[in-house]
Amino acid sequence: MKAIHYINQFFGQIGGEDKADQTPIFHDGLIGCSMMLNAMVKPDIEVTNTIVCGDNYITNHTEEALKEIFAFLDTKEFGIFFAGPAFMAGRYGVGCGIVCKAVKERYNVPVITSMNEENPGVEEYKSVAYIFKGGRKATFMKADITPMAAFAKKIAKGEELLPAAQEGYFPRGIRAEIPEPNGIMAADRVIDMLLKKLHGEPYQTELIIPAMEKIPPAEPLKDLSKATIALVSSSGVVPVDNPDRIQSASAQKWGKYDISKLDNLPEGVFKTIHAGFDPAAMCAVPDRGVPVDAMRYFEKQGKIGKLYDYFYVTVGTGTTQAFAAKFGKEIAQELHAANVDAVILTST
Amino acid sequence: MAKEIERSGIPVTVMCNLIDVAKTVGANRMVQTVSVPYPLGDPELSKEAEWQLRTSRVGAALDALATKVEEPTVFPSKF
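Chains D and F supply the protein sequences, listed in that same order. For the record, in the first sequence the residue sitting at position 239 is 239 according to this note's numbering, with numbers rising by one throughout. This note's numbering runs 1000 ahead of the 1-based position in the second sequence.
Rather than coming from a laboratory, the hints here were simulated on the basis of the structure. Honestly, I wouldn't trust all of these hints.
In silico DSBU-like links for lysine-lysine, alpha-carbon gap of 30 Å or less [claimed, not checked]: (1) 1023/F - 256/D; (2) 222/D - 306/D; (3) 1068/F - 306/D; (4) 1047/F - 222/D; (5) 226/D - 214/D; (6) 1023/F - 226/D.
Partial list, computed: chain D residues near chain F (C-beta under 10 Å) [unchecked claim]: (7) 20; (8) 218; (9) 287; (10) 343.
Since this is a predicted model, take the numbers as computed values, not measurements. A virtual CB, placed ideally from N, CA and C, is assigned to each residue, including glycine.
Work out the full structure, taking the sequences as your base and the hints as a guide.
Spelled out as structure tokens, the structure:
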């Protein structure tokens, strides 16, 4: 069986963030981590080609990118498609998800990738792709490719595929009926479960309902022209000396900065410390990330009552959901104490 | 962050590039931005055109705050 492997500009050895607009490149052979993957899947599978594409290009020009990728894949013969591993890189994960979903729909072959549980690509694409549970960063390359390769080999050899939890990928939301697992009928299993529950022992339901917490929308503002609005951002825009030493990635804190006397965020006074994108454009005009100038304009126009005197900011790359939730709670407390009515939250 | 602020009862408009990601993490009011490195601007545009772009998107985000929504909603902007 043959396979094709999709990776981003960084792992495709084109370059970093400055090359994230790279259009798809189709290699006749393999480069980078494709070679490791190929070594692990042979002799059952041969990885024949590497496709490399920039993360910005695939996420912002999806239609064009997929058209080019399809034009290439249409000429190839393959029975399995790989992407990543994408670790915790958000746009890379979403890019892998976009390509896997499109390839699955067009060619109906198994699509296999790997991401960290915090990667936003997991939530969005786990139902269409086998997304294996991966590490946080590229040092996990070998550890993350290993289960992708092992699973692909099982597919190639026609072996029995086990439920998600046993194989190691994120559940796809598919319920497969397994009649009498281990020869134990349902009535026995449910009593076993009940006894375990009564004895306070751990047990596992057979019908797992994934928790996806939704927050009901807050009530709208009654009168925008009387409202105090705060700017909150994950763009990493801070005073140039980054006085609170907020981390450029995997942030563990947030800052708040006084804008009460400013009509915009001047270059050289503010900059972004975000390590997840090319900072040049935002450093040149920090209002591109935190639009103080536009908010001040609407305040002067009377469209809003007041722009709150401080903006709140952290860095949104590699930041765990646990920290993001903590920041949100802390900031919400401050906003309530200051009688802020609503928030514009800019993210990158 | 948006989720916890909204949970406390303060309406939030999330301005971001990857709208589908915002939807899956539970944002309720959304306006799409231009790109990741420059959400509310574009170094390729003239100053006037960039200002129009920024005020248009921020204006749409403000209007969203005063609009009742029942489910995750993306608010369009003119520019």
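Going through the hints against the structure:
1. 1023/F - 256/D: holds (26 Å)
2. 222/D - 306/D: holds (15 Å)
3. 1068/F - 306/D: Answer holds: residue 1068/F to residue 306/D is near 21 Å, not above 30 Å.
4. 1047/F - 222/D: violated (34 Å)
5. 226/D - 214/D: holds (29 Å)
6. 1023/F - 226/D: This hinted pair holds, its Cα atoms lying about 29 Å apart.
7. 20: With a minimum Cβ separation of about 8 Å from chain F (threshold 10 Å), the hint on residue 20/D holds.
8. 218: With a minimum Cβ separation of about 4 Å from chain F (threshold 10 Å), the hint on residue 218/D holds.
9. 287: holds (7 Å)
10. 343: holds (4 Å)
Checked against the numbered hints above, the structure breaks only hint 4 and satisfies the rest.
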